[in-house]
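S.K.: Kindly produce the complete structure, drawing on both the sequences and the hints.
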Amino acid sequence: MRGSRLPADWPLVAVAATLTAFGVAMVYSAGQTDVPTFVVGLWRTQLLWVILGGLLGYGVSRLSVRFVDAVSVPIYAVALVVLAALLVVGQGAGTAASTKSWLAIGGVRLGQPSELAKIAVVLMLARVLSASRAAPASLRALVPSALVVGVPWLLIMAQPDLGTGIVFVGIYFAMLFWAGVSWPLLLMAASPALSLILAFSTGIWGGWFLLLLAVIAWVRPPRWEGVGLVIANLAMGVLAPLLWGRLDPYQQRRILVFLDPSADPRASGYHVIQSQVAIGSGGFFGKGFTMGSQKRLAFLPEQETDFIFPVVAEELGFLGVLVALALFTFLLHRTVRVAARATSPFASLVAFGLTAAWFTHITVNIGMTVGVLPVTGIPLPFFSYGGSFMLMSWLSVGLLVLISEEGRGRAGGLVI
Amino acid sequence: MNFHPNEVQRRARIATLIIQGLVLVLGLAFFRTQIIQHARYALAAEDNRLRQIPLPAARAVIIDRHGEIIAENVPGYSISVLARSERAIRELMQRIGALSPVTPEQVGSAIRRYRTDPSRPTVLFTDAPLALVAMLEERRVEFPELIVQSAPKRFYPDGPVVSALVGYTGEVNDRELADSAFADYKPGQLIGKDGIERQYERQLRGREGTRFMEVDARGRIVRPVARTDQVPESPDALRTNIDLDLQRFVATLFGDSLIGGAVVMEPTTGAVLALHSAPTFDPNRFTGGIPKSYWDQLQADPRRPLYNKAIKGTYPPGSIWKLATAIIAMEQGIIDIDDRMPVACRGGYQFGTRFFGCWDPKGHGDPTLAQAIEHSCDTYFYQLGLKIGLQRLITGGLALGSRARSGIDLPAESRPLFPTDPAKAYYDKRFGPQGWTNAVTLNLSIGQGENSQTVVSMARFYTALATDGMAARPEVVQRAPERERLFSLAPRQMQALQAALTSVVGTGTAAASRLQGITVAGKTGTAQNAQSKDLYHAWFVGYAPAEAPQLVVAVMLEFGGHGSRAARIATRIMEHYLKGAVVAMPEMAGE
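Protein chains in written order, with this note's numbering: chain F, 817 to 1232; chain Y, 23 to 613.
By construction, these hints were calculated from the structure, which means they are not laboratory data.
The model shown is predicted, which means the values in this text are computed figures rather than measured ones.
Cβ coordinates follow ideal geometry from the N, Cα and C atoms, glycine included.
Just so you know, nobody snuck in bad clues.
Calculated Cβ distances over 12 Å to all of chain F for the following chain Y residues:
| id | residue |
| --- | --- |
| 1 | D267 |
| 2 | P313 |
| 3 | S525 |
Not everything, but these chain Y residues come out facing chain F in the computed CB check (under 7 Å):
| id | residue |
| --- | --- |
| 4 | F25 |
| 5 | I41 |
| 6 | G49 |
| 7 | I57 |
| 8 | Q59 |
| 9 | H60 |
| 10 | R71 |
| 11 | D238 |
M.R.: Put into structure tokens, the structure is as follows:
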């Protein structure tokens, strides 16, 4: 198939290209405000990133899965070093100016290494999980993969960048699932984190704890694992309030405001309220491309990055939202298909990990704009303005095309 | 890892289901927000982008009885801003301050207005000078957020002449905003502070209009909206009973040198033709905030220009109150108009160990009541007071309204001071049970002692004397006249009393103020007061023409000396009004 004019998985490339074109159009619209700001020219820059991303993706698609497998360790190592270095030299930006997510040299911001780290983690996880023939069956067997995700996760949470941290968690559990880890083990692995979240209500936490005990009794993991789990969950239940105190005030506010946006309408709640006003006022048909009044009058914050989807909703209405959601769904269908048809476990896991990364970005970002999830500051693939993110998205497309091409010949491919 | 094709297929199905499920949840969330709650959010979006810019309404014009203007409106400018925060206001004022002086007080007031109502445009300058407006309009690009609009401001063409009547306007203050009576007032708006402006605030205040403007998230006005403006409305002119020509004449008579108050009324309708307090202030300088220097100057003036001497100041009435004593005695049947007192006037009256002097040490002989009124004989009234008795004197005085406000339609009229009933309890409380003697009766009977009246209350009392015992409530603005019977005397007695008042100006204490062709009736008063031993308050209350009274004039000059000086002014007022002619003032010297 190599050398043919069309990529083998042209529907995947087509839907990614359509989403990108849609996204650039929305970045253009985001700049169309009554009082012009710097956003007005960003669509041109974004177009440049799209071209660079396309070239990068094309280049990657010309590699081989074997090569990718081989470079996954060095890439992961580089990502770890850069993430560690960021804690010292990182710079903040925009509303999260106190964080350290930008790599800058001599004041020039080069990019957000956490975007690279996502792909590095996907590759490394795929390598670790595909190394053994059987899926991890005990908590102990999960330790290596947990370390692969845990180290960069801690480095990113230290920036702090809650949004990317959430994406890592999504990637990790999705890939464990794809590797064949059983549901009870997934539940047990996730239990300390769930305890942490549920600890805010003692009653709910108590119920959850009983459920966990039942699962442990049913699965009968090795004794020390069971005891360790119980201790970890108890500890999290106690630790949660302490950890809450360690969160930055802006993170605490975001969580509180998610629970009640009107509690702080002028500050953190402002994003959520204005976003919903923009979305809701769009109605079925929207106000027309570039005509969104909330955006035009600058009521919609960060309309070119994290809150670009409300621009879609305000200007193109529910109809535009449905089209965008349909495109995203189709994209994810194709990538799951790529994962399912991949020839090697490594390739399959990489494809599913990339799918999980996009899926987490899409649901968390769109869910936040419409108010069903808290504001976490996470961009929307192909839409949000941003160089690193666009480059990595198209690099992912390249990887998926590569995997898709190598997997095409496989017999008994499933139809989904 | 388990990579059997069937397993992979199963997982792919689960993954697809999860993806579809969550996308469905998102789709439903958008359906809820965009379709079900669309109306609500569409409204929120309108609220977000539309701001109501209030258009100030002009206050009603105030006119005199002939339609001449007492208060009107002239063009002015206000500058305001749709501010997002106090800090934004401070920064803006700083930027303006770099181009044109801005006082810390102006910044403070702007912040206060913002705090009271942040949703409204915050007024930065209520009455902006034209130079500032022109400068800011030139630099419109630098200050896109400013709202410069015309705001009518109050102007009183006659200025100081009408200050005691109209009062003045000013920005509504925090205390007024906290008052539920002014619940519909917003910071930066004008409100009447005193006089007619205060009393008739409800009738004078216009209805603010609105213009809708589209603003961005920073409060900068982007464009007007195609929605019809609500035009501000001002009420119809408020017609008063004032005769502006007479008012001017009264003010001229007082000039800058005299201190005191005057009230001119119609005896039957109560219509106030003129009301003056001297010295005056210029209410025009109060418009758009009183300059501190002017305020300090008014406050420091010992003559208290801001204190309304016609309705707020209370003064011992002295001899003008002798008519009350006479009426009480005649109503009770104690004496009649021709009766004499046991002791003739030889310049005073010996009461126990104390000698009570008559104002004229030469004495008045043995006068009848009518003659005692004409010459204001104290000796006669001392004895008359004793005959009436303290208790009856006070009951009678109260019945004549000596402790009642006149009811004039101006704010903050003072209540006259007078003993309460029963008399003994009042004096026991005031001086202690052993602290007083019947000497208080002698003082009271000549209008001294525990008796302090406003000029307007005395004017009202004399409307009863000028007519048939019915007192008219003073009315600045035309209202339904309200008359109250103060006393009833036989027509014969009434005529005799009026004749006595006529002879006061004919041959009595005010003979020097006689007018050619107009018979004037009235009574002088030369009241001792606590403030000064030598300088008496000069009173004259009277009416003219005596045969068919058209106006009652009450004049009081603070520390003005003999009552005949007040009589001179009062009769000039009568002459001006009745003859419609300005007659040169005869020189006052040699009194």
